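Sequences listed follow chains A and B, in order. Following this note's numbering, the residues of the first sequence are numbered contiguously, the last one being 380. Following this note's numbering, the residues of the second sequence are numbered contiguously, the last one being 1293.
Calculated from the structure, these hints are not laboratory results. Small disclaimer: the values here were computed from a predicted structure and weren't measured. Keep in mind that the hints are not guaranteed to be accurate.
[Claimed, not checked] One-sided excerpt, in silico: chain B residues whose CB lies under 7 Å from chain A:
| hint | residue |
| --- | --- |
| 1 | A1102 |
| 2 | L1106 |
| 3 | G1181 |
| 4 | F1238 |
| 5 | T1279 |
[Stated by the list, open to error] Not the full set, but computed from the structure, chain A residues with beta-carbon under 10 Å of chain B:
| hint | residue |
| --- | --- |
| 6 | L144 |
| 7 | G249 |
| 8 | N309 |
| 9 | T315 |
[As the list claims (entries may be wrong)] Taking lysine-lysine and the BS3-like style, the derived pairs with C-alpha atoms no more than 30 Å apart in a straight line are:
| hint | chain 1 | residue 1 | chain 2 | residue 2 |
| --- | --- | --- | --- | --- |
| 10 | A | K55 | A | K246 |
| 11 | B | K1133 | B | K1229 |
| 12 | B | K1133 | B | K1145 |
| 13 | A | K175 | B | K1257 |
| 14 | A | K120 | A | K55 |
| 15 | B | K1244 | A | K302 |
| 16 | A | K120 | B | K1257 |
| 17 | B | K1244 | A | K304 |
| 18 | B | K1244 | A | K286 |
| 19 | B | K1244 | A | K373 |
| 20 | B | K1113 | A | K111 |
| 21 | B | K1257 | A | K238 |
| 22 | B | K1257 | A | K55 |
| 23 | B | K1244 | A | K246 |
| 24 | B | K1244 | A | K111 |
| 25 | A | K175 | B | K1244 |
| 26 | A | K60 | A | K23 |
| 27 | A | K207 | B | K1244 |
| 28 | A | K238 | B | K1244 |
| 29 | B | K1257 | A | K111 |
We treat Cβ as the ideally placed atom computed from N, Cα and C, and that holds for glycine.
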Amino acid sequence: MDLLEYQGKQLFARHGVPVPAGKPARSVDEAVAAADEIGYPCVVKAQVQIGGRGKAGGIKVAQNQDEARQHADAILGMDIRGLTVHELWIEGASEIDAEYYASVIFDRSAKAPLVMLSTKGGMDIEQVAEEGPDAIARLHVDPLVGFQDFHGRRLAFEAGVDGDVVRPVGAMLAKLYDVFIAEDTTLVEVNPMIITPERQVKALDAKVTLDDNAMYRHPDNAELRDLSAEDPQERMAKERGLTYVKLDGDIGILGNGAGLVMSTLDVVAQAGGRPANFLDAGGGSKAEAITSAVEVILSNDKVKAVLFNIFGGITRGDEVAKGLIEAFAQVKPTVPFVVRLDGTNDEEGRRLLADANLPNVVTESTMDGAAAKVVELAAA
Amino acid sequence: MSILIDESTRLCVSGITGREGTFHSLRNRDYGTQVVAGVTPGKGGQDVAGIPVFDTFHEAVADTGANTAMIFVPPRFAADSILEAEDAGIELIVAITEGIPAHDELRVYNALKNHGRARLIGPNCPGILSPGKANVGIIPAAFFKQGNVGVVSRSGTLTYQIGNVLAQQGFGNSTIVGIGGDPVPGSDFIDILGLFQEDPETELIVMCGEIGGDAEERAAEYVAEHVTKPVVAYIAGFTAPPGKTMGHAGAIVSGSKGTAAAKAEALEARGVRVGRTPTQVAEVAVSLLGAAA
Chain A
1 MDLLEYQGKQ
11 LFARHGVPVP
21 AGKPARSVDE
31 AVAAADEIGY
41 PCVVKAQVQI
51 GGRGKAGGIK
61 VAQNQDEARQ
71 HADAILGMDI
81 RGLTVHELWI
91 EGASEIDAEY
101 YASVIFDRSA
111 KAPLVMLSTK
121 GGMDIEQVAE
131 EGPDAIARLH
141 VDPLVGFQDF
151 HGRRLAFEAG
161 VDGDVVRPVG
171 AMLAKLYDVF
181 IAEDTTLVEV
191 NPMIITPERQ
201 VKALDAKVTL
211 DDNAMYRHPD
221 NAELRDLSAE
231 DPQERMAKER
241 GLTYVKLDGD
251 IGILGNGAGL
261 VMSTLDVVAQ
271 AGGRPANFLD
281 AGGGSKAEAI
291 TSAVEVILSN
301 DKVKAVLFNI
311 FGGITRGDEV
321 AKGLIEAFAQ
331 VKPTVPFVVR
341 LDGTNDEEGR
351 RLLADANLPN
361 VVTESTMDGA
371 AAKVVELAAA
Chain B
1001 MSILIDESTR
1011 LCVSGITGRE
1021 GTFHSLRNRD
1031 YGTQVVAGVT
1041 PGKGGQDVAG
1051 IPVFDTFHEA
1061 VADTGANTAM
1071 IFVPPRFAAD
1081 SILEAEDAGI
1091 ELIVAITEGI
1101 PAHDELRVYN
1111 ALKNHGRARL
1121 IGPNCPGILS
1131 PGKANVGIIP
1141 AAFFKQGNVG
1151 VVSRSGTLTY
1161 QIGNVLAQQG
1171 FGNSTIVGIG
1181 GDPVPGSDFI
1191 DILGLFQEDP
1201 ETELIVMCGE
1211 IGGDAEERAA
1221 EYVAEHVTKP
1231 VVAYIAGFTA
1241 PPGKTMGHAG
1251 AIVSGSKGTA
1261 AAKAEALEAR
1271 GVRVGRTPTQ
1281 VAEVAVSLLG
1291 AAA
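Using the sequences plus the hints, can you model the full thing?
Written as structure tokens, this is what we have:
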């Protein structure tokens, strides 16, 4: 899960990473109260997970209460590249001597954490990387050894930070590494990491990705939410324990197993259709899970036809058929369904479906045939 | 021949007394796999349908000569169980468990690599099947028969789909290896490709990848340099949008990295044929090996 800037900063603060004092706000009044408490000048920042907030007008400095009110009013509800701003973060304005970049990344390729530091902060790091290999200092850390002082020194010297801040920058990297490990994150990024006129190091931004699989170790983090990024269908699916990703087409997809579902989306696209979602009903799905999945798929009113593509291993074809029959009884879908059932108990499943004689349900024996059929029905 | 598992496999199951653990252990035994032990701390001395249960892996290995472990415990206990199996001298560890924290996987991977004693397959994988010889995991064996096609895949059900279209063309399999859909798999495509290259029974290798990471790109390099047998690939996730995890923790396009198109391109640039659908994979296999049946 990706955190909002302020959620990341609150996490940082718990681990001793210096951040400007600030408060979150969900209304103009809350924002003004926060600004009064923090003092002026302060910065009103839109909380959405997308770059270019400043350029879009989502970050403004307020010199006094009137300006704080004006900015909060303008930014709340603003649309920034498709995301609506529901939350603000009000923080004390910082004086800046230098802007650096720092990050700790879960490097899948190297199978080790990767720590990066650059003196070219405040801009898009991918652009900085294009300037050449020397623009960013990089170092892999043995996860069984952990981040040592020498790692910090090497990175600071190699990146070419000002001599008087080599130690504090190294210490900052050590703290970010602490956050990375202690909070089970897969990304901790600070851009910019600033040097103040007093030569102190501070995190002016925070980008943190938490590992969903480790949430049981962090009950506090599991409570964090990003209202702007949550899709109603995705939330509904999550509550029901289904893996669902909303897409922008009109063909609902249900399958078992992530790889097969991804492949189904591709085959439907190759047949000329546009998938409306990814939905993995999981291994060993029982009838109730299937019924529940149908409800989630149909809650997206763009869906014009639905494809079931099941290759049962643990999942049994008869359970899938029972779930679909139950879904028809409960939801009474008005769109056509194409069902392809193979694998464990497939014959029984197909027989159950034939006996139920559901309106608008077509069975197909191959994945390719089923994809072609559902595309045809969605276009009709 | 086959790779990783065969008639000499002596399997010990961690989590054998759980519902899923019992079910699949017995299915593996019914297939002919020698399931010699189970481990559940606190339940030592009991048995599961005649399979003795031990408190620790060390006891299980000492008493039964187990050489392979299957991990079926919940995510929060899985890293510990893998490390225990390795400490007890198990050479091959197959971790079925889905949902293990990424940092746990990182620690386990690096510990096993440093010690150099055990090979880990998975986690979050369907296991390994050497048709006619042994089945370790949850792959539905009934769909596969013995033959000359080796399969290595990041996905379970997709493997069944591809195995099925291959079977319809008359092909059987030497071994099917599910390496799993997590960000840090214990074994990668290149580890398994190397084993298939050395296996005399395997004449063609099918590798089944998906979006996320760069394992397929690295496999392409490896094939060009080290694999003389024909390799056919399939990549799932051409339509996946960036930034969304598609079911598997490892299946995510980050920025411009990890797309299916980039992977297919890297493979094709190295001479690996890439089927655009599972059906096409089987067609390419036929064109390379001739109709098998």
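Here's how the hints hold up against the structure:
1. A1102: Holds, about 5 Å.
2. L1106: holds, 5 Å
3. G1181: Holds: closest Cβ of chain A sits about 6 Å from G1181/B, inside 7 Å.
4. F1238: holds, 5 Å
5. T1279: Constraint on T1279/B satisfied, holds at 5 Å.
6. L144: holds, 5 Å
7. G249: holds, 9 Å
8. N309: holds, 9 Å
9. T315: Check passed: Cβ of T315/A comes within 8 Å of chain B, closer than 10 Å.
10. K55/A to K246/A: holds, 28 Å
11. K1133/B to K1229/B: holds, 23 Å
12. K1133/B to K1145/B: holds, 10 Å
13. K175/A to K1257/B: holds, 28 Å
14. K120/A to K55/A: holds, 19 Å
15. K1244/B to K302/A: holds, 20 Å
16. K120/A to K1257/B: holds, 23 Å
17. K1244/B to K304/A: Holds - the C-alpha atoms of K304/A and K1244/B are around 23 Å apart, at most 30 Å.
18. K1244/B to K286/A: Status holds; Cα separation ~26 Å.
19. K1244/B to K373/A: Cα-Cα ~27 Å, so holds.
20. K1113/B to K111/A: holds, 11 Å
21. K1257/B to K238/A: Measuring from Cα to Cα gives roughly 26 Å; hence the hint holds.
22. K1257/B to K55/A: It holds: about 26 Å lies between the C-alpha atoms, which stays within 30 Å.
23. K1244/B to K246/A: Given pair K1244/B, K246/A holds - Cα atoms ~9 Å apart, limit 30 Å.
24. K1244/B to K111/A: holds, 21 Å
25. K175/A to K1244/B: holds, 29 Å
26. K60/A to K23/A: holds, 15 Å
27. K207/A to K1244/B: Given pair K207/A, K1244/B holds - Cα atoms ~17 Å apart, limit 30 Å.
28. K238/A to K1244/B: Given pair K238/A, K1244/B holds - Cα atoms ~14 Å apart, limit 30 Å.
29. K1257/B to K111/A: holds, 16 Å
Going down the numbered hints, you'll see the structure goes against none, and every one checks out.
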